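Colleague: Listed below are the residues making up each chain.
Protein chains: 2
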Amino acid sequence: MNALVFDGKLKLDRDYPTPHAPAGESLVRVLRAGICSTDLEIIKGYMGFRGVLGHEFVGIVEDGEMRGARVVGEINAYDGTCSTCRRGDVTHCPNRSTLGIMNRDGALAEYLTLPARNLHRVPDAVSDAQAAFTEPLAAACEITYRVHIRPTDRVCVLGDGKLGLLCAQVLHLTGCDLLAVGRHADKLMILKMRGIPTTTDPDSIRGTFDVVVECTGQASGFELARQLLRPRGTLVLKSTFHGAQEMPFAPIVIDEISIVGSRCGPFAPALRLLEKNLIDVDSMVSAEYLIARGVEAFQAAATPGMLKVQITMSQ
Amino acid sequence: MNALVFDGKLKLDRDYPTPHAPAGESLVRVLRAGICSTDLEIIKGYMGFRGVLGHEFVGIVEDGEMRGARVVGEINAYDGTCSTCRRGDVTHCPNRSTLGIMNRDGALAEYLTLPARNLHRVPDAVSDAQAAFTEPLAAACEITYRVHIRPTDRVCVLGDGKLGLLCAQVLHLTGCDLLAVGRHADKLMILKMRGIPTTTDPDSIRGTFDVVVECTGQASGFELARQLLRPRGTLVLKSTFHGAQEMPFAPIVIDEISIVGSRCGPFAPALRLLEKNLIDVDSMVSAEYLIARGVEAFQAAATPGMLKVQITMSQ
Chain G
1 MNALVFDGKL KLDRDYPTPH APAGESLVRV LRAGICSTDL EIIKGYMGFR
51 GVLGHEFVGI VEDGEMRGAR VVGEINAYDG TCSTCRRGDV THCPNRSTLG
101 IMNRDGALAE YLTLPARNLH RVPDAVSDAQ AAFTEPLAAA CEITYRVHIR
151 PTDRVCVLGD GKLGLLCAQV LHLTGCDLLA VGRHADKLMI LKMRGIPTTT
201 DPDSIRGTFD VVVECTGQAS GFELARQLLR PRGTLVLKST FHGAQEMPFA
251 PIVIDEISIV GSRCGPFAPA LRLLEKNLID VDSMVSAEYL IARGVEAFQA
301 AATPGMLKVQ ITMSQ
Chain P
1001 MNALVFDGKL KLDRDYPTPH APAGESLVRV LRAGICSTDL EIIKGYMGFR
1051 GVLGHEFVGI VEDGEMRGAR VVGEINAYDG TCSTCRRGDV THCPNRSTLG
1101 IMNRDGALAE YLTLPARNLH RVPDAVSDAQ AAFTEPLAAA CEITYRVHIR
1151 PTDRVCVLGD GKLGLLCAQV LHLTGCDLLA VGRHADKLMI LKMRGIPTTT
1201 DPDSIRGTFD VVVECTGQAS GFELARQLLR PRGTLVLKST FHGAQEMPFA
1251 PIVIDEISIV GSRCGPFAPA LRLLEKNLID VDSMVSAEYL IARGVEAFQA
1301 AATPGMLKVQ ITMSQ
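Sequence order for the protein chains is G and P. Numbering of the first sequence is given in the numbering used here, commencing with residue 1 and proceeding in unit increments. Numbering of the second sequence is given in the numbering used here, commencing with residue 1001 and proceeding in unit increments.
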């Protein structure tokens, strides 16, 4: 099958072996998959991953009870039996593999396998292009899963990339006093069209937010996020990137801020939000490529100003 | 009056002007004051403070309605009118001064002034030596104020200095599954005598704690604290110190940990715990000096292995 493989270098492999689903797993024929910033970090060395890239997809189940169903899939395959899983923290299972990120081939290929229990049927009202946003939208829903966002809170989303735009839209629905801070008027326009206040100049609003969500994808975003927070505020860290950052600790203690790391999220609420058309993902698709042009698609995705690039497996 | 003053160098000033209480403040004759690790950081440059050091004290009110009362005092003088104060976060008032730490002369002198509303009467059952622990014990109580510690939680206190010993004793009272990690068998013995499990070797218990309280006072403590946490666990940062620390961000996001900064705490519960003899502070007094020997007292306090050094103002 065709697959986009990273083995130290990104390449299209036209003869990658089609996977066989082990017991408990399903074979899924991929219809469409998105390129995520995490994929761009992986080809810079993040996670030390080797194999088929991609973890945002929609596809058709080829076997088992769900055969023929159009599905999306949670990306962490967990054992379900360890103490972490039994506590309910299955996305943190120490024995997990993660689609296209850790010890498991990903979705930028004609076929993938995932445990059947990871798959969710896609409502008819949700298009393929929309469904491929379920995974990053779930990651945005992880914010409200992890942190109690009050409708009275003053909330800032810092960063107008793909994840920032999704986080801002999810938080907007809480009724909170939201401001999105970014650098790109065209990207912020997607939020403005939904009635979300935006700014490109955060200098005058430091120290005023109950919650700041850091989605810049850059280590330097942390310090600005911290400065935007009020004392005892909560800084939600969404960005994953390769490398470390020099950080002064004293202000965290003196201002008694909380920092909450947030990663993969719940799929069911993300699918509900898409089905009810409460999140605009259509405006976020910048380009679409056939998998045969997948390397070019990655180059496009890494271009400043681009939002989501999606890859289709056949015409 | 006698005062221990830091003006780039620590010195005893025998002719420091006795303060006059402005409107709303009380003059307090200091009986006894403790030296805190923060004081040792200040004379290394932390906070850029100049003036009379010290913020842990017990004294007698010399004027006003509380005249003659034996009191301890909350160290942050706040305006009470700004939005931060009206939200209840008075210890974060942007216009605050802080006793012996920021824009306000401290307690290592014969007299100090504080707003009358900052003072708390000391119960008769609490000795002067014990009462001078109210401020750091309140800082330990700030952990349970800021973070919900469940009696089922597995909790680690990292660091067996003065603050670590107080934090461990407060957390022990929640009924949680507590382990204190330190480097000094003699200091940990204070906890062992209260029935608190201790260890000097945390290597085999990484990844197992719901909550880790970082009290090492060293930047390097953060990384060990993080490694001791389970995914989605909570790291409470108590240490304040001069300087920054290189920190990898990805593990915070991947493991979805929470980091909670914690500083000054509530005095009323600290006084209740002392009155009911639920916390052993007597074992933590390593030495006592007259203020005339205050510089020597600071040298002693900075000696490895020392716990609390207290200073009395007269014999």
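Since the hints were made in silico from the structure, they are not lab data. There's no promise every hint is true.
Among chain G residues calculated to face chain P with C-beta under 10 Å, some are [claimed, not checked]:
1) S83
2) R86
3) R150
4) R183
5) Q227
6) R230
7) L237
8) S239
9) E246
10) V253
11) I254
12) G261
Computed from a predicted structure; not experimentally measured. Glycine residues also receive a C-beta, built at the ideal position from the N, C-alpha and C atoms.
Colleague: If a hint holds in the structure, say so; if it does not, say that too.
Modeller: Now the hints, each set against the structure:
Among the interface hints, the one on G/S83 holds; its C-beta lies about 9 Å from the nearest C-beta in chain P, closer than the 10 Å criterion. Hint on G/R86 is violated. Least Cβ distance to chain P is approximately 13 Å, over the 10 Å limit. Taken as an interface hint, G/R150 does not check out: its beta carbon lies about 13 Å from the nearest beta carbon of chain P, beyond 10 Å. Contact between G/R183 and chain P, as hinted, is not supported at the beta carbon level, the nearest pair being about 20 Å apart and thus beyond 10 Å.
With a cut of 10 Å, the hint placing G/Q227 at the interface with chain P is violated, because the nearest CB-to-CB distance is about 13 Å. With its C-beta approaching chain P no nearer than about 7 Å, G/R230 sits inside the 10 Å limit, and its interface hint holds. For the restraint placing G/L237 at the interface with chain P, the shortest Cβ-Cβ distance is roughly 5 Å, inside the 10 Å limit, so the hint holds. With a least beta-carbon distance of about 7 Å to chain P, the hint placing G/S239 at the interface is held under the 10 Å criterion.
Contact between G/E246 and chain P, as hinted, is supported at the beta carbon level, the nearest pair being about 5 Å apart and thus within 10 Å. Satisfaction of the interface hint for G/V253 is found here, the shortest Cβ-Cβ separation to chain P being roughly 4 Å, below the 10 Å cut-off. The interface hint given for G/I254 is met, as the beta carbon of that residue sits about 6 Å from the closest beta carbon of chain P, less than 10 Å. At about 4 Å, the closest approach between the beta carbon of G/G261 and any beta carbon in chain P falls short of 10 Å, and the interface hint on this residue holds.
In the structure shown, a violation is registered for the earlier hints numbered 2, 3, 4, 5, in ascending order.
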